[in-house]
Amino acid sequence: MDDFPNIRIRKIINLEETGLRFEDNKISGIPMVSNVYHLGIEFYHTGDEKNIEIKNIDLFVNADPKDLWKNIPGDPGDIFYKPDDISYQGKFLDKKIVVTSKRGRSHAHEGKFREDDFAVNELPADWCIVSVSDGAGSAKAAREGSRVATTSVNSFFNSSEVLAELDNNINIIYTPEDSTRDKDEARRNVIRTLYEGVLFVHTALDKTATDHDLSISDLHATLIFALVKKFSFGYIILSFGVGDCPVNLISTGFSEVQLLNRMDVGEFSGGTRFITMKDIFNDQMAARFSITCVNDFAYLVLMTDGIYDPKFSTENKLEDKESWRTFFNDLAGHNDDSAKVDFINDTGIDAQLSLWADFWSRGNHDDRTLAIIY
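Under numbering that gives the first Met the number 0, the first residue of the sequence shown is numbered 0, with each subsequent residue one higher.
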């Protein structure tokens with residue numbers, strides 16, 4: 000009203016229907032129902048208070064888009080039941096890990112299950128592993144596919160014999176005295192062991208399909224994992240990926256960002272790829288594995304596209320330092336919800352990450368899984 004100092008509003012007709020109130024020249028309150036309300040504003044000029052005029056206006060009240068989404072729980076009696084949301088925090092070598100996996104709004108609206116999954120395990124010989132999977136929305140048992148993918152790959156590497164072989168070959172690779180020929184052979188041996196782990200996952204999925212009278216395509220799911228150990232010469236990170244989920248290594252101060260897996264997007268896409276597909280076991284399979292050695296790191300991050308799409312948009316940004324600074328600023332509470340994930344005073348960080356992952360992003364309502372080693 001500052002622009003009209005000589006105008007006084009006497010009352011607003013029909014305003015009570017909206018759940019709002021008019022006091023001290025201000026409209027306040029929370030509308031009760033989304034609707035179009037026909038209001039009449041009674042006003043007068045201070046120089047002629049007896050001459051009351053009425054201005055008819057329409058007030059449009061739109062619902063908060065978040066409130067339009069239903070949250071229907073999944074059927075607890077379903078054969079492949081899984082919780083809608085799950086979070087985890089714990090130790091990971093001499094570092095810590097926090098993970099959250101949340102059912103997307105699109106699934107919650109229809110009472111469908113979360114199709115993402117993850118698994119974290121401490122292994123023999125001071126190894127640790129984290130795996131993440133995104134079940135395909137088009138596959139009727141994808142939620143079981145993602146569960147089997149993550150648990151089976153972790154199970155394969157939960158073997159003293161397998162890890163001893165990895166230890167031996169990795170020590171050869173990073174011992175200066177060993178010959179180039181020995182190092183090359185050791186690298187091939189490491190990749191072969193990782194390949195055997197991934198093949199074990201495919202076999203487990205095939206068996207699951209047979210046991211439940213399904214096609215393996217009914218279990219379509221992506222898979223990424225990071226198998227990590229701290230050696231005297233640095234942290235060794237063995238990683239793999241099939242599908243469109245990234246594994247990223249972030250150095251202290253964001254001085255360097257590395258994408259540790261080949262993603263099936265862009266020139267590699269040709270349709271989404273899944274761990275259930277036989278044709279990924281081809282001559283190009285070795286490119287899906289990586290062996291990384293670093294003295295230290297700030298964060299090791301694995302995520303599904305429910306996080307990646309709204310927060311990074313394109314694959315190129317996954318190797319962009321400023322994009323990662325922005326992402327961690329978001330995690331630090333610089334977002335519309337002021338939801339903060341505290342990596343320093345990290346008591347209850349699993350609940351914090353779960354709350355943060357509820358962020359609103361128009362058009363992005365997929366399941367969201369995010370794992371951060373810090």
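Hints may be right or wrong, so weigh each one.
Derived DSSO-like pairs: lysine-lysine, alpha-carbon spacing no greater than 27 Å straight-line [to be verified]: (1) Lys65 x Lys339; (2) Lys139 x Lys111; (3) Lys10 x Lys54; (4) Lys320 x Lys95; (5) Lys95 x Lys229; (6) Lys65 x Lys90; (7) Lys69 x Lys10; (8) Lys339 x Lys90; (9) Lys81 x Lys69; (10) Lys320 x Lys339; (11) Lys95 x Lys316; (12) Lys94 x Lys65; (13) Lys229 x Lys182; (14) Lys54 x Lys65; (15) Lys90 x Lys277; (16) Lys94 x Lys229; (17) Lys320 x Lys94; (18) Lys95 x Lys277; (19) Lys339 x Lys69; (20) Lys182 x Lys81; (21) Lys206 x Lys277; (22) Lys139 x Lys182; (23) Lys94 x Lys339; (24) Lys49 x Lys25; (25) Lys228 x Lys94; (26) Lys94 x Lys277; (27) Lys228 x Lys90; (28) Lys111 x Lys81; (29) Lys139 x Lys228; (30) Lys49 x Lys65; (31) Lys54 x Lys25.
Because the hints were derived from the structure by calculation, they are not lab data.
Going down the list of hints, with the structure as the test:
For a cut-off of 27 Å, the pair hint linking Lys65 to Lys339 stands: about 20 Å separates their Cα positions. A distance of roughly 11 Å separates the Cα atoms of Lys139 and Lys111; the hinted pair therefore holds under the 27 Å criterion. For the hint pairing Lys10 with Lys54, the CA-to-CA distance comes to about 11 Å; that is within 27 Å, so the pair holds. Simply put, Lys320 and Lys95 have alpha-carbon atoms about 22 Å apart, close enough for the 27 Å limit, and the pair holds.
For the given pair, Lys95 sits about 13 Å from Lys229 by alpha-carbon distance, which is consistent with the 27 Å threshold. At roughly 35 Å between alpha-carbon atoms, Lys65 and Lys90 are farther apart than 27 Å, so this suggested pair is violated. For the hint linking Lys69 to Lys10, the alpha-carbon distance of about 38 Å lies beyond 27 Å, and the restraint is violated. For the suggested pair Lys339 and Lys90, the alpha carbons sit about 21 Å apart, so the restraint of at most 27 Å is met.
Pair hint Lys81 plus Lys69 holds up; C-alpha atoms about 19 Å apart against a cutoff of 27 Å. Proximity of Lys320 to Lys339 is assessed by CA-CA distance (about 21 Å); at most 27 Å being required, the pair is judged to hold. In summary, the hint linking Lys95 to Lys316 is supported, as the alpha carbons are separated by about 25 Å, within the 27 Å threshold. Taking the CA atoms of Lys94 and Lys65, the gap is about 36 Å. The hint is violated against a cut of 27 Å.
For the proposed pair Lys229 and Lys182, the alpha carbon gap of about 19 Å is at most 27 Å, so the pair holds. The hinted pair formed by Lys54 and Lys65 fails the criterion: a straight-line CA distance of about 33 Å is larger than 27 Å. Distance restraint check for Lys90 and Lys277: the Cα-Cα separation of roughly 35 Å exceeds the 27 Å cut-off, and the hinted pair is therefore not satisfied. Our distance criterion of 27 Å between C-alpha atoms is met by Lys94 and Lys229, whose separation comes to about 10 Å.
With a C-alpha separation of about 22 Å, the suggested pair Lys320 and Lys94 falls inside the 27 Å cut-off, and the hint holds. About 35 Å separates the Cα atoms of Lys95 and Lys277, which puts this hinted pair outside 27 Å; it is violated. Pair hint Lys339 plus Lys69 holds up; C-alpha atoms about 25 Å apart against a cutoff of 27 Å. A distance of roughly 44 Å separates the Cα atoms of Lys182 and Lys81; the hinted pair therefore is violated under the 27 Å criterion.
For the hint linking Lys206 to Lys277, the alpha-carbon distance of about 14 Å falls within 27 Å, and the restraint holds. Taking the CA atoms of Lys139 and Lys182, the gap is about 44 Å. The hint is violated against a cut of 27 Å. Pair hint Lys94 plus Lys339 holds up; C-alpha atoms about 20 Å apart against a cutoff of 27 Å. Simply put, Lys49 and Lys25 have alpha-carbon atoms about 23 Å apart, close enough for the 27 Å limit, and the pair holds.
With a C-alpha separation of about 11 Å, the suggested pair Lys228 and Lys94 falls inside the 27 Å cut-off, and the hint holds. Taking the CA atoms of Lys94 and Lys277, the gap is about 36 Å. The hint is violated against a cut of 27 Å. With a CA separation close to 13 Å, the supplied pair Lys228 and Lys90 stays within the 27 Å bound. With a C-alpha separation of about 10 Å, the suggested pairing of Lys111 with Lys81 holds against the 27 Å cut-off.
Note on Lys139 and Lys228: the hinted pairing is violated, with a Cα-Cα distance of about 36 Å set against a maximum of 27 Å. For the given pair, Lys49 sits about 46 Å from Lys65 by alpha-carbon distance, which is inconsistent with the 27 Å threshold. Straight-line distance between C-alpha atoms of Lys54 and Lys25 comes to about 17 Å, which keeps the hinted pair within the 27 Å bound.
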